[in-house]
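Trainee: Now for the letters of each chain:
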Amino acid sequence: MRLVVSSSYPYLNVMKIFALRLNPNQDLKTELKKFTLENNVRAGFILTTVGSLKKARLRLANQKQSTSFVENFEIISLGGTLCQDGLHLHIALADSKGNTIGGHLEEGCIVYTTAEIVLGESKTYTFTRVFDSDTGFNELEIIGD
Amino acid sequence: MRLVVSSSYPYLNVMKIFALRLNPNQDLKTELKKFTLENNVRAGFILTTVGSLKKARLRLANQKQSTSFVENFEIISLGGTLCQDGLHLHIALADSKGNTIGGHLEEGCIVYTTAEIVLGESKTYTFTRVFDSDTGFNELEIIGD
Amino acid sequence: MRLVVSSSYPYLNVMKIFALRLNPNQDLKTELKKFTLENNVRAGFILTTVGSLKKARLRLANQKQSTSFVENFEIISLGGTLCQDGLHLHIALADSKGNTIGGHLEEGCIVYTTAEIVLGESKTYTFTRVFDSDTGFNELEIIGD
Numbered sequence: 001m002r003l004v005v006s007s008s009y010p011y012l013n014v015m016k017i018f019a020l021r022l023n024p025n026q027d028l029k030t031e032l033k034k035f036t037l038e039n040n041v042r043a044g045f046i047l048t049t050v051g052s053l054k055k056a057r058l059r060l061a062n063q064k065q066s067t068s069f070v071e072n073f074e075i076i077s078l079g080g081t082l083c084q085d086g087l088h089l090h091i092a093l094a095d096s097k098g099n100t101i102g103g104h105l106e107e108g109c110i111v112y113t114t115a116e117i118v119l120g121e122s123k124t125y126t127f128t129r130v131f132d133s134d135t136g137f138n139e140l141e142i143i144g145d
Numbered sequence: 001m002r003l004v005v006s007s008s009y010p011y012l013n014v015m016k017i018f019a020l021r022l023n024p025n026q027d028l029k030t031e032l033k034k035f036t037l038e039n040n041v042r043a044g045f046i047l048t049t050v051g052s053l054k055k056a057r058l059r060l061a062n063q064k065q066s067t068s069f070v071e072n073f074e075i076i077s078l079g080g081t082l083c084q085d086g087l088h089l090h091i092a093l094a095d096s097k098g099n100t101i102g103g104h105l106e107e108g109c110i111v112y113t114t115a116e117i118v119l120g121e122s123k124t125y126t127f128t129r130v131f132d133s134d135t136g137f138n139e140l141e142i143i144g145d
Numbered sequence: 001m002r003l004v005v006s007s008s009y010p011y012l013n014v015m016k017i018f019a020l021r022l023n024p025n026q027d028l029k030t031e032l033k034k035f036t037l038e039n040n041v042r043a044g045f046i047l048t049t050v051g052s053l054k055k056a057r058l059r060l061a062n063q064k065q066s067t068s069f070v071e072n073f074e075i076i077s078l079g080g081t082l083c084q085d086g087l088h089l090h091i092a093l094a095d096s097k098g099n100t101i102g103g104h105l106e107e108g109c110i111v112y113t114t115a116e117i118v119l120g121e122s123k124t125y126t127f128t129r130v131f132d133s134d135t136g137f138n139e140l141e142i143i144g145d
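Residue numbers (this note's numbering), protein chains in the order written: chain X, 1 to 145; chain S, 1 to 145; chain B, 1 to 145.
Treat the hints with care, since some could be wrong.
As the list makes no split between identical chains, a pair holds if one copy fits it or if it spans any two.
[As the list claims (entries may be wrong)] For lysine to any residue, the following SDA-like pairs were computed, each having C-alpha atoms within a straight-line distance of at most 20 angstroms: (1) K54 <-> K64; (2) K55 <-> N99; (3) K54 <-> T113; (4) K64 <-> N99; (5) K97 <-> S68; (6) K97 <-> Q65; (7) K55 <-> E71; (8) K97 <-> E71; (9) K97 <-> V70.
For the record, the hints were derived by calculation from the structure and aren't laboratory data.
Input sequences plus hints: build the corresponding full structure.
Mentor: In structure tokens, the structure reads:
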């Protein structure tokens, strides 16, 4: 387990909160990536998300290619981390019967009515993503203060 | 994208944490609404939720009416924002086979054994909800400090 | 509703943030339990999680026994609370078709490639778990500062 605990603030890790609303037709991942770069977010994580999509594009478990879905979905949850080296986000969506699908968020998830997102950013840590030959992916590394 | 970043605390947006447990037979949305009003929560968001329901009432994607479900469910996730103008929350539930449903939380979601909820409240922002003619809903607006 | 609000910090409840990455073959619940004990986390809650599993073991809604799944899953969400008396966590997983299952996290959820987890810990509250004869479970109690 990779763990870093701040020691300079014995009881407090400083967190910055960002709140944003996306508008119809914005691309969820594109906007989050742009936001992360423009605001120099170095150790970001999703605190909460609610909204809807009219199209989705997810990389499903164990798949190399991503899959598209054209349908109005509720965004049920979004979780993961954001840093200058990349975003790693998983999303759950529900359709008009309530059935849910989930996977790795890709570009191509287009907002239907809104997406309300609250992000936290630790000012104690820096997140990087480094290629891990064990997994074949760029994996999270956590650098302490 | 609607974005407000605090400038008065360069690295810190002040957050208040509320932790609560709901008891059997309480209505999840009713209690959260009451809590929000009684505590004058002006920029609240769900940080985490775990628990169970014995009935659910959700507005499913793309539907005008809400749908009722009578069954014991695990609460798998709850996300969204809370303010004096209203709550916008989406929930995921799982049944005795593990199958999940999700949608917009309505009154009529009744706690079975417990609901453990941790809320954050930004003291830097104020959330309001204003009618948006593009979507037909009262959408989140974020007012900075 | 069981509610404790801090009064000693009028606008601020002090939160500590922990960020961790689990590696392939680690057991998600075992590692979180160990982490909670080793770091004396007294009022912890999941802020965000993203990753994958190669096996899962969940207690499904309304079931006394837990159920095993052997398959590569995306971890779509994880929520709940952690304290010295125990962990109460619910998880959502998605398979290679995007289909999701959810339930109560048990030992036996084995990391496939990674699990990125950000935890918050309130330094204002202490969480305990006390047997509740109404529900038959050890339920969350929240002690204020």
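Trainee: Compare the structure with each hint and give your call.
Mentor: Verification of the hints:
1. Proximity of K54 to K64 under the C-alpha cut-off of 20 angstroms is restricted to the inter-copy arrangement: shortest distance 16 angstroms between copies versus 23 angstroms within a copy.
2. Taking identical chains as interchangeable, the C-alpha atoms of K55 and N99 lie at most 20 angstroms apart whether they share a chain (16 angstroms) or sit on different chains (17 angstroms).
3. For a Cα distance limit of 20 angstroms, the shortest separation of K54 from T113 inside one copy, 8 angstroms, qualifies, whereas the shortest one across copies, 30 angstroms, does not.
4. In this homomeric assembly, K64 and N99 come within 20 angstroms of each other (Cα to Cα) only across copies, at 17 angstroms, whereas the closest approach inside a single copy is 24 angstroms.
5. Within a single copy, K97 and S68 get their C-alpha atoms as close as 19 angstroms, and across copies as close as 12 angstroms, so both meet the 20 angstroms cut-off.
6. Taking the shortest Cα distances, K97 and Q65 sit within 20 angstroms of each other only across copies (12 angstroms), while inside one copy they are farther apart (26 angstroms).
7. Taking the shortest alpha-carbon separations for K55 and E71, only the intra-copy value of 6 angstroms comes in at or below 20 angstroms, while the best inter-copy value is 27 angstroms.
8. In this assembly of identical chains, the alpha carbons of K97 and E71 lie at most 20 angstroms apart whether taken from the same copy (12 angstroms) or from different copies (16 angstroms).
9. In the homo-oligomer, the alpha carbons of K97 and V70 lie at most 20 angstroms apart both inside one protomer (15 angstroms) and across protomers (15 angstroms), since each shortest distance falls under that limit.
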